[in-house]
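Asks: For reference, the chains in residue letters:
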Amino acid sequence: MRSWTPASASELAPAAGRIEVPPRYEELRRAYRLWRRSLLSIVGTVLVGVIVLLALLAPWIAPYDPLAQDFSVRLQPPSRAHWFGTDQFGRDIFSRVVFGSRIALQIILIVSLISGSVGAVIGWVAGYFGGRTDEVLMRLTDMFLAFPSLVLAMAFAAALGPSLPNMIFAISLVTWTPYARLARGETLRTKAQDFVEAARAMGASDLRIIFRHVLPMTLSVLIVQLTLRMGTIILTAAGLGFLGLGAQPPTPEWGAMVSDGRNYIVDQWWMSTLPGTAIAAAVLGFNLLGDGIRDILDPRLRR
Amino acid sequence: MNLTAYVARRLALMVLVVFGVLVITFVISHVIPADPVLAILGGNAPAEKVDALRRELGLDKPLHQQFVAYIWGAVRGDLGRSLRTGRPVWHDIWQYFPATVELTFSAIFLAVILGIPLGVISAIRRNQVHDHTTRVFSIVGVSMPVFWTGLVLLLLLYYRLGWLPGPGRLDLAVLPPPSRTRLLIVDSLLAGNWAALRNAVGHLIMPAFVLGYVATATIARVTRSSMLDILHQDYIRTARSKGLVERVVILRHALRNALIPTVTVIGLVFGGLLEGSVLTETVFAWPGLGRYITTGYISLDYPAVMGGTLYIALVFSVVNLIVDLTYAFLDPRIRL
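Protein sequences, first through last, are from chains A and B.
Residue numbering for the first sequence follows this note's numbering, beginning at 230 and increasing consecutively.
Residue numbering for the second sequence follows this note's numbering, beginning at 138 and increasing consecutively.
Calculated directly from the structure, the hints in this document are not laboratory data.
For each residue, glycine too, the CB sits at the ideal point set by N, CA and C.
There's no promise every hint is true.
Pairwise CB distance ranges, derived in the manner of DEER restraints [stated by the list, open to error]: (1) H269/B to R259/A: 17 to 27 Å; (2) V277/B to G432/A: 25 to 35 Å; (3) A184/B to R303/A: 36 to 46 Å; (4) R441/A to F466/B: 13 to 23 Å; (5) L451/B to S392/A: 53 to 63 Å; (6) W300/B to I290/A: 50 to 60 Å; (7) L526/A to V277/B: 19 to 29 Å; (8) Q202/B to W312/A: 18 to 28 Å; (9) I290/A to N264/B: 30 to 40 Å; (10) G299/B to R259/A: 28 to 38 Å.
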């Protein structure tokens, strides 16, 4: 970390003699040991790794064009030529699932970025300024929390008009609340510490204190929370896609693919179930990885 | 802060939140869509039809008047008229909601009777086979999309094996009992109609299990971790050292306190269930509120969609209120 911020007074003490912070090899090695000890974290890392690779190398991995229709091979069961079978337009489902990983990752990244930063800013401002600002912002958060998030995302997505960008925006609108609460709590804790008081005594501006002192202290908690929620983002996106409120055809979005295959479920089981497996695997991967990262970074939860 | 003050503050917050819910639904239905009427009728509708509907929905008035009308309507329970069914939305919700109640309560019931024991046993046998199995079961549970689990189970247990009845609440061949509560199971019990009861329970098993799986996983996880917390505390050691049987220590001393976080999580899970019910009801053709909303989206029935969304948010808020108040009664430390 470039801007070195003391986590507590005790951390300041040994550094007083030598300014150079000891390298973090020890910590990295400890993290690696913890990671290797937990089978579930390894499985999660592998799953997420596979999805990232699929997304990066999609054009080389997918044997067919995900949008190319070929009516001579409609509704084919899984075979050597078509690993996951074909759909009602003769499109290769495996290729569509592979390209779908790009859409899933894109959704996760953009939603995390928007909702994470919006939530963090609201939380920092509420926690730092307190008083009436805090009250207003937190009641706003309560109002958004009054809706089950998928139901609210459905309403936003429908009002904005169903499309992939609108769905991403809709999910972001309903997922910033936990980050706001978390950032507020962490800010309140940080604000009470001596080094913030010291910075203020030295005449640092509010903006400077927020960015240089509060932000770095709350970041790790926020990052853990972001990784923990990535699985939920995919689930929400897939749910919206399944209901037709997300990416529109012919986009190979996983949830929409499951919905496509619904009418064929009795005779062409592969159309729905195999893209659904991709969703489950991706969510599982992100959940396991998120759990693993939390266990490594948060000693309080280590059991 | 004493209990009365806490309850008063919590109720005031509830009023504020309900107002916020109304504002948010108003923004979604009246402000965001460029033209709700065109969204309803489609781009090719004749101009006079568009104007007529605009007047009927009050959309020709300025926004602040629309807002007042919207709030006033909602307060009186007037949520407009469904464009698809032609009946007042309120009436429709009344028709559809009991099916959702039946489904979510069965799911919660399953989740509680499975999740709490799973969590307790995991905590007692920490890091043993049972604990690991439960952990995998939970994490897989929260990872599977409910609509997919539902489809897979339908495919296997209904279409292929025929072990359980398929979509819907009742087979067409079964005569439904006279509807008093609109809860099919209660109605068939009241009527003493065992054939209908068996059929209704059969229809309920799959969706309730699919919907309850995630909740079971969450409840098991929270019970496990709060149980572990409690088992390390001094009074548990005291209880053991005064020679109490382990069963009494676990059930009477530990579990009672460990269940406090579980109660909260049951409330939180309820939101997840309302959300999951939208998808589960769609997959299982379950005639509940979630399906009412999703069909509303498909048929561009805006009043139905917004009324349903508003209603779900209200139910969710009331549940959260009940949970918070229960929590305050159970754990005096919270009333700070």
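Asks: A separate judgement is required for each hint: does it hold in the structure or not?
Replies: Tested hints:
Distance hint for H269/B and R259/A: a CB-CB separation of about 23 Å, consistent with the stated range 17 to 27 Å. Range check, V277/B to G432/A: Cβ separation about 54 Å, and the 25 to 35 Å hint is violated. Taking 36 to 46 Å as the suggested C-beta distance range, the pair A184/B and R303/A conforms, at roughly 43 Å. Taking 13 to 23 Å as the suggested C-beta distance range, the pair R441/A and F466/B does not conform, at roughly 44 Å.
The hinted window of 53 to 63 Å between L451/B and S392/A is violated, with their beta carbons roughly 30 Å apart. Under the hint 50 to 60 Å, the C-beta atoms of W300/B and I290/A, about 38 Å apart, miss the expected range. A C-beta distance of roughly 24 Å is found between L526/A and V277/B, which places it inside the suggested range of 19 to 29 Å. At roughly 59 Å, the beta-carbon separation of Q202/B and W312/A lies outside the given 18 to 28 Å, and the hint is violated.
Hint check: I290/A to N264/B, Cβ distance near 39 Å, so the stated range 30 to 40 Å holds. For G299/B paired with R259/A, a C-beta distance near 55 Å fails the hint of 28 to 38 Å.
The structure fails hints 2, 4, 5, 6, 8, 10 (numbered hints given earlier, in ascending order).
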